[in-house]
Amino acid sequence: MMAEREIAQRLFAKEFNGSTLSLTSVLSDDVPDLNSPNLLISPTGVRINRVFVVGVITEVENLGSETGKERDLWRARIADPTGVFILYAGQYQPEAAIFLSTVEVPSYVAVVGKARIYEPEKDSVFISIRPEEINNVGSNIRDRWIVDTAKLTLKRLDMLNEVFLDQQQGKDLKNDVKLKGIDPDLNETILDAIEFYGTDQNYISDFKQSLRTALLSIKENAGTEMQQKDNAENVIFELFKELDSGKGVQYSSLVKELESRGISEEVADIGIRSLLDKGECYEPRPGLLKLI
Amino acid sequence: MNDKYAPHIEELAKALDGIDQDDIQNELDKLLRFRVPLEEAKRTVLNKFSLKEAREIRIKDISKAPNSFTLKGRITSLEKKNFVLKGETVDLYSGKIVDETGVCLFTAWSDFCLNVGDIIRVRNAYIKFWNNRPELNFGQRSIVEKLPEDSFIPSNEQCFAQTKKIIEINSSDMLVSSQGIITELYHRVINIKGKDTTIIEGVIADETGKLPFSSWVPMDGLDIGNAISFKAAHVRLFRGIPSLNFTYGTSWELLPDNKCLFSKNVIITDEPTSIPIASVLEKDGIFDVVVTGNIISVRPGSGLIERCPVCSRVIQSNVCRAHGNVVGVKDMRIKAILDDGTGAVYIMLNKELSEIVYGRSMDEAENIMKVSLSKDAVYESMKRSLIGTYLTVRGNSSKSEFGTTIVARSAWIPEDDLLCRLELLMLKLSEDV
Chain A
1 MMAEREIAQR LFAKEFNGST LSLTSVLSDD VPDLNSPNLL ISPTGVRINR VFVVGVITEV
61 ENLGSETGKE RDLWRARIAD PTGVFILYAG QYQPEAAIFL STVEVPSYVA VVGKARIYEP
121 EKDSVFISIR PEEINNVGSN IRDRWIVDTA KLTLKRLDML NEVFLDQQQG KDLKNDVKLK
181 GIDPDLNETI LDAIEFYGTD QNYISDFKQS LRTALLSIKE NAGTEMQQKD NAENVIFELF
241 KELDSGKGVQ YSSLVKELES RGISEEVADI GIRSLLDKGE CYEPRPGLLK LI
Chain B
1001 MNDKYAPHIE ELAKALDGID QDDIQNELDK LLRFRVPLEE AKRTVLNKFS LKEAREIRIK
1061 DISKAPNSFT LKGRITSLEK KNFVLKGETV DLYSGKIVDE TGVCLFTAWS DFCLNVGDII
1121 RVRNAYIKFW NNRPELNFGQ RSIVEKLPED SFIPSNEQCF AQTKKIIEIN SSDMLVSSQG
1181 IITELYHRVI NIKGKDTTII EGVIADETGK LPFSSWVPMD GLDIGNAISF KAAHVRLFRG
1241 IPSLNFTYGT SWELLPDNKC LFSKNVIITD EPTSIPIASV LEKDGIFDVV VTGNIISVRP
1301 GSGLIERCPV CSRVIQSNVC RAHGNVVGVK DMRIKAILDD GTGAVYIMLN KELSEIVYGR
1361 SMDEAENIMK VSLSKDAVYE SMKRSLIGTY LTVRGNSSKS EFGTTIVARS AWIPEDDLLC
1421 RLELLMLKLS EDV
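Residue numbers (my numbering), protein chains in the order written: chain A, 1 to 292; chain B, 1001 to 1433.
Next up, chain A with everything else stripped away, as it sits in the complex (with noise of 0.2 Å):
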C-alpha cells in the first residue's frame, strides 16, 4: 500500500512564516528516515508538509543572475491579508519557473506547494514554499479560499482554546485530549505546538483579530462582486430586449454592443450564461441567442 497523500493544507501566511518547529523523523540513533516527508509545526499544531495558497503575486525576482546562485532561481511574494508568502522555483520545478517568468504582476495566483525550512544560523530561519503547480485564478477563488482558510483556522483555534481551558483545570492533557475524540497525532501536535511556540490565550485573540481584518477586506468586494452579476445580468437583460426583434441575437454583436457599454467580456459571458441557466433566454443553434 501506498503511503497516503500529503494534505493541501490551508494555512494563513502569518501561521505560515511562524512555522518553525521542523520535524525530522529518526530511525534511530540520528539517522534521518529518508523516505518519511519533511514537516513542519505550525502554532496551532498543523502538520504542514504540502500547503495550498490563494493570493496575489505581487513580486517576481530572478535570482540567477546573482553568482554563487543555482540558475534559473525565481523568487516570487504571494500577499494573502495576513501576510506574505515566499514561493523559491530553481531548476527542478521547471514549470513554476516558466510560469513565473511570465506571469502578470499583481494577479491572483493558486499554488500547491512544499513548505521549506532554510536556518543559516541559530536564530535565523526563513519558511518557503517550493511549488509543485502554480496557475492563475479568479478572485473569487481568491476570495473562497480566505473564506475557507479563516473557517478551518478558526477550528484548530477553538481547538487550542479547549486545550487552554483543560489546562487551567489541570487535567492530564496527554490523556485526556483523546478522550475528546480529537486525532491522537494531532493532539500530540497540538502539544508540541504549545510547548514549542508557547502559544497562548494572546495569540488566539491576536489571530481572531487577524481573520476578522481578513474576512473583512474581502467583504466589500464580495458584496460587490455580487452585485456587479446582478448588474450586468439586468444590463444585458435590457440590451437583448432592445436588441432582440424576434430573430435573436448573435452572441458576438452582443458581447460587443456590452463591452462598448463598459462590461468587459468576461462578466458578460458570465451574465449570458446564468441567463441561460434562469431560462430567459435561450440558444436555438450555437452563437445565436434568443428570448424566450
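Simulated from the structure, these hints should not be mistaken for laboratory data.
Cβ atoms here follow ideal geometry from the backbone N, Cα and C, with glycine treated the same way.
Every clue listed holds true.
Footprint (simulated), chain B over chain A, 3 or more residues, beta carbon under 8 Å:
id: 1; stretch: 8-16
id: 2; stretch: 130-144
id: 3; stretch: 151-159
id: 4; stretch: 207-213
Fit chain B to the supplied structure of chain A, relying on the hints for placement.
Just chain B now, kept in the frame of chain A:
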C-alpha cells in the same frame, strides 16, 4: 543453566500462556547446548509449543486468532471449485462454517470429505484476510475430525445477521439486517446456464447512507418509495463497495409509514451534500458519495487519448497491449487530485464531464492540438484552466494500491454563498471579544 537466560524464558512463558516454565527452560537449554544461536532457539521453542497447544478459537474471536488454532463448527454451505496451478487442475472447497458465536467463510485447500451439515473439529487451521474479511483456511497441515451431532451449534447462518444502519455496513459483515427505502429499482433478465432469470437491482437508502442491492429471488409487491425491513441479506463486495444480496435465506417485509424510523420524504428528495474527503479515505469504498474541493493537480494521461476499439484500453501510437495494431478511438478524460484540506482523492472524469468541467468540447480540444502541433497542448491547457479551481464530484469511491479514487458520475462547479458564510464566520469571531 545460566541466569542470563531467565528474561528470555520469562518472555517465552508469556508468549506461550499456560505452558510450564520448566518445560520451556529444558527445551531452550537443550538447544543452547547445541550452540544454536539464542534467537533461533527461542523461535524453535515458541513454534514447538504453540503447535502442540493450538488454542481452540470461537468464530467471534477469529480476527484475533493466533497463527494456527483449533475450531469446532458446522458446515452450512459448500462449493467445489477448481483452478489450474502449473498446468495441473487443483480442487478446492469453499463455504461457510458456523459455531455458537458466529459465521465465517472458509477455504479447504484439499479434499477433507466435507458435507453440508457436518460438525467438524479442525486443528491447525489458519486465517487469511480476503477483502478485509478474515477467512478460515484448512491447509495441508490441517487435521479435520468429524464429530457427532451437537444441537448447540445452529444449523443455519441466518441467526448471525447483525442489525445495522446502512452507513455502518462494511466489508467485514457477512450477513446483515437493516431498514431502508427503495430509491431505485430495475428488473433485468440475465441468462444463467441457458435459462432466463429475472433479477432485481436497485438502491436502498436510510438517513445515514445508501447501498446498491440485488435480489435473485422475486420480491413481489416491491416498488420505488417503499420502506422495507430485511433480515440476513448477504454482503458482497465490488471494488471495495459493499452491496446487499437478497437470497432465499433473506426475509423482508414492507414497513408501514408509522413504523418507519426515518422520514421517507427527506431521503427520497435528499439533495446530495458534500462530505469531508477525510471521511471518504476512512472507508474502503462508498457508494454514491459527493465531495467538494480544489483541483490541486491535473495528472498526466489527462486530455486527448486514444482507446482500443475492442477493449477500450488506453493505447499509444495505435498499438493495444492485448489486440496489437488497431485504429484508435478518440476520447478525452481528466484525471486530477481533489483536495479539501481534510484529505485528497483521485478523481476521474469521462469525456462528457471533462467537456463540462474543462469548458471545451472534444472538437475544440482537437483544434487546440492541431494548431499547436503539440500532443500535450490540451493537457497543458487543462492545467491552466483547472488548477486551483473548486469542483464538486459525485460518484463511487474505492480504495486501491494507487490511493482512493472517485470515478465521477457527475461533476459541477459548486455554488457558494460566500457573503453568508463570511457573515457567519464574523459572528463566530465576535462572540468572545
